[in-house]
Amino acid sequence: MSKAFTPTVAKPGVITANNLREGFNVWMCEDGWTADPTQATLFEDEAIAELALLKAIGQSNTVVGPYLVEARRGPNGPEPTHFREAFRQTGPSNYFHGIQADKQAEASNV
Amino acid sequence: MFDVRPVDTDYVRHRAAQFRAQVERRLDGSLTEDEFRPLRLMNGVYLQLHAYMLRVAIPYGTISPDQMRMLAHLAQHYDKGYGHWTTRQNIQFNWPKLVDIPDMLDHLASVGMHAIQTSGNTIRNVTTDAFAGAAPDEIADPRPYAELLRSWSTDHAEFQFLPRKFKIAITGATNDRAIIAAHDIGLRLVERDGKLGFEVWVGGGLGRTPLLGQVIRDFLPEDDLLPYIEAIIATYNLSGRRDNKYKARIKITVSERGLDVFRDEVEEEFLNRRRDFQGADHEALAIFRNRFAAPVFRDAPVEGYEEARASNAGFRSWTDTNLRAHRIAGYTSVIVTFKAPGATQGDASADQMRLLADLAERYGHADLRVMHDQNVALPHVHKSDLPALYAALRDAGLATANAGLTSDIIACPGMDYCALATARSIPIAQEIAEHFRDEGLEQEIGNLNIRISGCINACGHHHLGHIGILGLDRAGVENYQITLGGDAYDIPTIGQRAGAGFPAEEVVPAIDRLLRAYLDVREDEHERFIDAYRRLGADPFKAALYPEPAHA
Chain E
1 MSKAFTPTVA KPGVITANNL REGFNVWMCE DGWTADPTQA TLFEDEAIAE LALLKAIGQS
61 NTVVGPYLVE ARRGPNGPEP THFREAFRQT GPSNYFHGIQ ADKQAEASNV
Chain U
1 MFDVRPVDTD YVRHRAAQFR AQVERRLDGS LTEDEFRPLR LMNGVYLQLH AYMLRVAIPY
61 GTISPDQMRM LAHLAQHYDK GYGHWTTRQN IQFNWPKLVD IPDMLDHLAS VGMHAIQTSG
121 NTIRNVTTDA FAGAAPDEIA DPRPYAELLR SWSTDHAEFQ FLPRKFKIAI TGATNDRAII
181 AAHDIGLRLV ERDGKLGFEV WVGGGLGRTP LLGQVIRDFL PEDDLLPYIE AIIATYNLSG
241 RRDNKYKARI KITVSERGLD VFRDEVEEEF LNRRRDFQGA DHEALAIFRN RFAAPVFRDA
301 PVEGYEEARA SNAGFRSWTD TNLRAHRIAG YTSVIVTFKA PGATQGDASA DQMRLLADLA
361 ERYGHADLRV MHDQNVALPH VHKSDLPALY AALRDAGLAT ANAGLTSDII ACPGMDYCAL
421 ATARSIPIAQ EIAEHFRDEG LEQEIGNLNI RISGCINACG HHHLGHIGIL GLDRAGVENY
481 QITLGGDAYD IPTIGQRAGA GFPAEEVVPA IDRLLRAYLD VREDEHERFI DAYRRLGADP
541 FKAALYPEPA HA
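Going down the list, the protein sequences come from chains E and U. Letter 1 of the first sequence, counting from 1, is numbered 1 in full-length UniProt numbering, and no numbers are missing. Letter 478 of the second sequence, counting from 1, is numbered 478 in full-length UniProt numbering, and no numbers are missing.
Quick caveat, the hints were computed from the structure, so don't treat them as lab data. A portion of the hints provided could be inaccurate.
[Stated by the list, open to error] With a Cα cut of at most 30 Å, we get these calculated DSBU-like pairs of lysine-lysine:
{"#": "1", "chain 1": "U", "residue 1": "K165", "chain 2": "U", "residue 2": "K247"}
{"#": "2", "chain 1": "U", "residue 1": "K97", "chain 2": "U", "residue 2": "K80"}
{"#": "3", "chain 1": "E", "residue 1": "K103", "chain 2": "U", "residue 2": "K80"}
{"#": "4", "chain 1": "U", "residue 1": "K97", "chain 2": "U", "residue 2": "K167"}
{"#": "5", "chain 1": "U", "residue 1": "K97", "chain 2": "E", "residue 2": "K103"}
{"#": "6", "chain 1": "U", "residue 1": "K167", "chain 2": "U", "residue 2": "K195"}
{"#": "7", "chain 1": "U", "residue 1": "K97", "chain 2": "E", "residue 2": "K55"}
{"#": "8", "chain 1": "E", "residue 1": "K55", "chain 2": "E", "residue 2": "K11"}
{"#": "9", "chain 1": "U", "residue 1": "K247", "chain 2": "U", "residue 2": "K167"}
[Stated by the list, open to error] Here chain E is said to cover these stretches of chain U; the calculated rule only asks that three of the stretch's residues, wherever they fall, bring their Cβ under 8 Å from a Cβ of chain E:
{"#": "10", "stretch": "60–73"}
{"#": "11", "stretch": "417–429"}
{"#": "12", "stretch": "473–487"}
Bear in mind that the values here come from a model prediction, so they are computed numbers and not experimental data. Idealized CB from N, CA, C, for every residue including glycine.
Could you put together the complete structure from these sequences and hints?
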């Protein structure tokens with residue numbers, strides 16, 4: 001697991017967890033949780049982030065194991081800074097499964 | 001006290017119903033995650049990098065065709081069409097939803113299967129030789145004893161919260177294919193004065209502190225198996241360290257206290273325990289021996305086998321690499337490798353599982369074994385059936401002629417799936433396999449065990465690879481350490497780290513330099529990599545891995 005991380009303006013972060021019922025990865029966003037990491041809320045303030053993490057921990061009937069992790073501001077939203085988070089945001093590299101496949105399926109349904 | 005409890009579908013159904021209620025209480029908020037986690041782990045449910053994972057027990061790797069078909073059903077309906085053979089002869093499903101797992105356990109229970117004690121600090125799946133009951137070098141079939149240990153350890157009230165997980169392996173053969181030296185307890189069937197017993201090893205294990213076990217008893221009469229094993233684990237349960245997760249395995253207990261001190265404690269405990277066993281274990285063993293009676297082998301001429309070898313190069317190549325000797329004339333054991341070009345090591349599709357079930361019924365006395373190297377064996381095949389078996393396997397992409405060769409790599413799921421991993425294993429294994437196939441060197445290199453783990457916990461048994469690869473996170477980049485000279489079988493050996501790690505893209509070139517150096521220095525084609533390494537030492541191989549002094 002990632003070590004405890006506290007975000008700053010220079011090193012912002014997101015809050016991520018797993019959906020309790022199904023297990024897939026989710027990120028905290030403005031109105032709850034999203035399976036799309038680019039929609040995640042980017043925290044730049046330690047106190048606000050800690051408060052949000054406490055709120056996430058309080059939602060244990062929805063999500064499992066929430067944690068703060070570093071992210072950077074990208075053109076389409078927060079981006080991972082570490083390869084572990086990058087894999088969590090796409091899926092395994094040996095099959096086109098996980099979020100990468102869900103996104104493609106979603107795009108083809110639009 | 002031990003009680004006879006044969007495979008009991010009522011019991012596993014009951015446990016499945018219990019878990020269904022636990023999941024319901026978790027979902028309605030009655031249980032917190034902290035309360036639920038140990039309950040789900042007791043039933044083999046992990047939360048991994050992308051999803052939940054369900055690890056299903058395959059006791060000592062032995063599985064019937066109907067059970068295999070049930071695994072196929074689960075793969076198809078609750079996963080993404082496949083499952084993954086593990087190095088404990090189990091299977092893992094990578095994508096189940098928590099809300100579906102109670103249904104999966106019900107399905108498993110209907111064929112006498114479950115996921116109990118596939119996780120947690122309990123006695124895990126007992127493993128054994130995949131060729132048990134078939135191998136010519138066997139003193140006795142280890143499976144009745146493995147089943148005795150399984151039924152005794154399942155839900156053993158005293159051992160549900162051990163200091164750490166506990167793994168037992170047992171072999172009945174002179175060539176150890178169960179890697180007993182790398183287990184918390186290893187058992188080797190031996191004969192003395194016409195009586196069967198066990199050489200008992202204790203304190204082996206891999207992970208962050210790899211240690212080979214030591215012999216705690218050179219001859220344990222078979223009648224004393226359960227009380228003695230119970231004495232070892234009871235002693236460890238009390239003296240094992242619970243203050244530090246990384247020092248909690250029995251290997252640390254034995255090495256810190258010393259084998260002699262530990263043995264004295266065990267022997268004292270054994271005398272107490274033996275009184276409590278009043279023969280139920282011996283009665284159970286007699287029942288289990290019956291259950292594992294040999295099939296009725298065919299006494300028939302081997303027709304068509306040599307002709308097919310002469311006329312079909314693919315068949316010849318496959319029979320050269322993927323067969324193992326059988327104790328009955330005309331028979332052989334067949335290894336079906338799950339290491340085809342481009343495949344993920346140890347992944348089996350639902351269709352492949354169903355085919356194996358059918359073929360085992362048609363050609364293999366309905367017997368299948370999941371191997372610790374992530375392959376599946378048909379232990380009993382008459383040689384006259386091999387051409388037809390090969391053709392059916394080939395059509396399903398399951399006739400890759402590579403058992404024991406460079407591309408027959410053991411690889412853990414790594415960071416493609418595992419929440420504990422520090423780097424990926426699967427792509428590295430795939431790249432190595434592809435490279436040596438493309439170079440046409442695999443046959444020339446001959447027997448070679450490459451093993452890859454994606455973290456220090458060593459599920460890929462990298463310490464025991466002739467070439468071991470350990471994936472680590474170095475400052476946010478995947479980096480791979482190479483160990484040399486490990487051996488799981490002939491002379492159990494922990495491999496030694498060769499030097500600084502390599503970035504992912506430099507692993508294949510490094511292994512290429514290493515194996516070309518081996519081909520240059522070997523005495524002849526019969527001298528395997530590990531033999532040459534033992535003869536010459538590490539230096540010529542390190543020089544190949546690190547050609548520039550700056551990297552040494």
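Outcome of the hint check:
no.	hint	verdict
1	U:K165 x U:K247	holds (12 Å)
2	U:K97 x U:K80	holds (11 Å)
3	E:K103 x U:K80	holds (16 Å)
4	U:K97 x U:K167	holds (28 Å)
5	U:K97 x E:K103	holds (19 Å)
6	U:K167 x U:K195	holds (26 Å)
7	U:K97 x E:K55	holds (24 Å)
8	E:K55 x E:K11	holds (21 Å)
9	U:K247 x U:K167	holds (16 Å)
10	60–73	violated (count 0)
11	417–429	holds (count 5)
12	473–487	holds (count 4)
When the structure is compared with the earlier hints, a violation turns up for hint 10 alone.
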